[in-house]
Structures are given as C-alpha cells and as structure tokens.
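Engineer: Protein chains in written order, with numbering that gives the first Met the number 0: chain A, 0 to 295; chain B, 0 to 178.
Hints were generated in silico from the structure; no laboratory data involved.
Check each hint, because a few of them may be wrong.
With a straight-line Cα cutoff of 25 Å, these simulated DSS-like cross-link-like pairs (lysine-lysine) come out [stated by the list, open to error]:
no. : chain 1 : residue 1 : chain 2 : residue 2
1   : B       : K156      : B       : K170
2   : B       : K168      : A       : K59
3   : B       : K59       : A       : K51
4   : B       : K11       : A       : K59
5   : B       : K59       : A       : K8
6   : A       : K44       : B       : K156
7   : B       : K170      : B       : K106
8   : B       : K22       : A       : K219
9   : B       : K1        : A       : K51
10  : B       : K158      : B       : K124
11  : B       : K155      : A       : K51
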Amino acid sequence: MTDYQEYRKLLDGFFEGSLSASEESKLMNRLVTDADLKSEFEFQKDIINTIKDTRKLELKNRLENINIKWYHTVSNGWKVAATATVITVSTLTAYYFIDQQEDFRNRIDLMQNEIVMDAFDAEKADIPQKPVAESPEEINNTPSTYRDPIVEAKKENKVDEEVEVTSDRTVDVIVPDVIEHFEDVDNIDLDNVTSGDINTMGPSREDLHSSVEIRSVIHKKYTFHYNFSAGTLTLYGNFEDVPYEILEINSASGKRFYLKYKDHFYNIINTAEITPLEPVTNESLINELKIVKENK
Amino acid sequence: MKDSEVLAKITKGDESALDFLYKKYYRMMTKLVITNSGTEDEARDVYQDALIVFWEKARKGNLVLTSKISTFIYSICLNLWRKELERKSRLSSEEKDDIEFIDIEKKERIQIIRTCINELGETCKRILMYYYFDGLSMSDIAEKLGYANTDTAKTKKYKCKKRLDELVKAKYTESDFMD
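Chain A with its partners taken away, still in its complex shape (with noise of 0.2 Å):
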C-alpha cells in the first residue's frame, strides 16, 4: 500500500468514525504538512456534510407537510384540573343545594307556623308545637296526635277568614322542587351518583357529576370565545397559560354553567354559534359564584 493510499484509507475511516485515537492523530498530523491530502480531506467533508443536510432537509420537509391542526386540544393536564372543579364543584353545588331547599322548607314550614301564629295571635290560643324532627325517620315518624294548625284551619273552613294573608305579608318564594323522599337523599353516595339516583332527587339535581368535554382551541379570529353543544365546550383563545375552571351549578332551573378566568366569571350558555365570553355582571351572582368556588 502506497503512502497516499494508507492515508486515504485513514481519511475514509474518519468520516465513517471508525479510526482509533492513534490512527486519528496520524492523520492529523500528516493533513498539517500534506496539502493534497488536505484538500481531499475538505473536499470529502463537503461531501458528507451535504448528505448529512440533503436528509436533513428531506426529514425537515417531511415535518413541514405534517398537518398542524390550527387548533390545539388542551393538555391532559388541563383536562384533568378542569374535570375535576366541574365535579368538585358540581358536588359540593349540590350539598349547597340540598341544604337550601332544606332550609327553605324549614323557612316555609316556620312562615306557616308564623302566619298561623299571627292568625291566632289575638287569642293567644295554645297552639300545639310541631316537634322538630332530627333525623329523617322522624320526619316519617312523626307522631300521629300531632296536627298540622293549617290542615286542621282548613278542616274547619276557617283559613279563608281567619288566615287572611294581607298583600304585605304575602311571601313570593320560589320553591325549589322539594326532595320527596327525604330518607333516600340523606343515603345517596354523591360520589357514585347514579342517573336512577338522581332523578329520585327531583328535577333540580338531573347529574351531579359533569359529563362536559372541554377543549381550548386557538384560532385567528376567534380569540376570547367559545360554543357548548351537544355535551362539549370549547373555548376558542389561549387559555393554555392561566388555569381556568369551569362552574356546574345545578340550580332549581337546571344546570347553568360558569367559566372561572383570571379574575372573572363569565356566562356559558347552550349554544352551537361561537360566541363571545361574556364576563357575568351581576354582582349578587359573582358573588354566590365566588361562595360556591370558595366552597369547593
């Protein structure tokens, strides 16, 4: 083998990286005085380094005609935060309720007795006192010698006349559908929740654990909006960088949702068009918003 041909070979195997350290340095050295060899070595490297770019630029081009949706679904963990406030906060929105309609039966049952009260107050007739039930079995239980002062004035045609609620005292309350059977309620497992369950709980509870899919979608034109149809919501804009949450109050009028954002509350609605997030305004309402996600 010539002296150029074992050098070339050397120069050969230090492109394809297989030279050990001494056949390495060999070539170093010899490439400091050779300039022929110099200029092969330039020459080959030239070569390699377009091969090594022209597939490069086949694998870049290769990236470049993968189709980037212009949308991006939000992260798993966005997805797990935001589903778990929906139903965080759908159940404690629920004990919240039940407590209400607990306490506005309790307030119903109390204005009644007032009302009774003030009818007879004149008298001061001794009227009998419901006994306060603690537990729901009680409520079933309630002893039979007790009489309702109401049902008993009816009985007696004496309502009309005696009871007679001027417009002053008349209480407009809206009564939210009251759970009808009170001994299934207080042993529903609101964590396993079923659909049979909640319908026994009345119309104002129809699903305590959200079945609301939730995607944050980037768009040109659309930067602070969203649409909610058929079970899924999708905000259109960068909601990627600030957590959000999504509020599923079950109200005595259905479910309302609420989006949580920075330091707003916003409206969402049931609707197919994209709409633009509309901050809530109501300051009693933010107000109940802020309890409730407190609450949580």
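Go by the hints and put chain B onto chain A.
Structural biologist: Frame of chain A; chain B shown alone:
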C-alpha cells in the same frame, strides 16, 4: 405512546416516531421561540431542527435520557434559538460583508454537491443518507432497502460514494473552468 416506545421506534429507524413527537410538542416548543422575540416561521424552523438533532442523537444509539423526551427537545430548542439570536446579532455588526463573501463560495460548492447527490438516483441517495446521517449499519440498510445480504449493501454503498465523488469532481472542475 410512551417515551420508551418512541425511542424504540427511532432506534428501528421508524420515522413515524418523529411525526408523533412533532405533533405532540408542537405548541410547547414553538411557544418557546415565539415568546422570545421569534416569529412563527422561525419557531417552526427551530423546532424542526431540534427534532432532527434529537433523531440524529437517538439514532446513534448513545443517547442516555435522564429526563423526559420533551425536556430534552426543549433544551435543544433553547440552544438552537440562542445560537440563532447570536447569529442575527453578529449579522447586524460590521462583519456582515465578510461572512456573506465566504458564504457565497461555500454555498456554490455545496450547491454543486447537492445537484450531484440528486443525480445519483434515489437508491444511491438513500444508501448514503442512511449510512452517513442515520448511522444505519449495513445490515439495517440491506433490510430497509431489500438487499439480499450485508455484502450487497456494502458494495452498493461503495459504488454510490465513488460515483458521487466522481460526479462532484467533474462538476467542480467544470465550474472552475467556467469561472
């Protein structure tokens, strides 16, 4: 797809793993550039380059991941974008003219080589790319390109490289002559 599965695919030379990574981290990686004075095109360019660097490293088989793939790619993006910003900054200085002069000569030479690579034909091009860039072994190349055995692939690679050298030398001389 888990990180280990992605790496396993890359080791086999399966380019679909690259597609998967590209789609999965597109937003995360491009955002890095966009939020650091880059345009969307620059962001895409940097991300694509970073993925190719990752592919190259993973293909060589000496990549030891001590973090998630996304973290690794993110750091490559970060470095590439820093380099790009430095390059831009240099270009805005007085050295600009000299660099451009050197670039023109080099670009010309590279263009000749590129033309020759394309003249080789698809098979030769693939063999040389798989060998020099992807670092595929001769047996892998034989399998990928459907050759009977490793020796056939080896001979083919030798002939392709020789032909490319000759083509480039011929064209380069031609080009010198024309100048």
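Engineer: All the hints need checking, so say for each whether the structure fits it.
Structural biologist: How the hints compare with the structure:
1. K156/B / K170/B: 21 Å, holds
2. K168/B / K59/A: 28 Å, violated
3. K59/B / K51/A: Holds: K59/B and K51/A sit about 14 Å apart, inside 25 Å.
4. K11/B / K59/A: 19 Å, holds
5. K59/B / K8/A: The given pair, whose Cα atoms are some 23 Å apart, holds under the 25 Å limit.
6. K44/A / K156/B: 17 Å, holds
7. K170/B / K106/B: 15 Å, holds
8. K22/B / K219/A: Measuring from Cα to Cα gives roughly 19 Å; hence the hint holds.
9. K1/B / K51/A: This hinted pair is violated, its Cα atoms lying about 28 Å apart.
10. K158/B / K124/B: 12 Å, holds
11. K155/B / K51/A: Distance ~18 Å between K155/B and K51/A Cα, so the pair holds.
Checked against the numbered hints given earlier, the structure breaks hints 2, 9 and satisfies all the rest.
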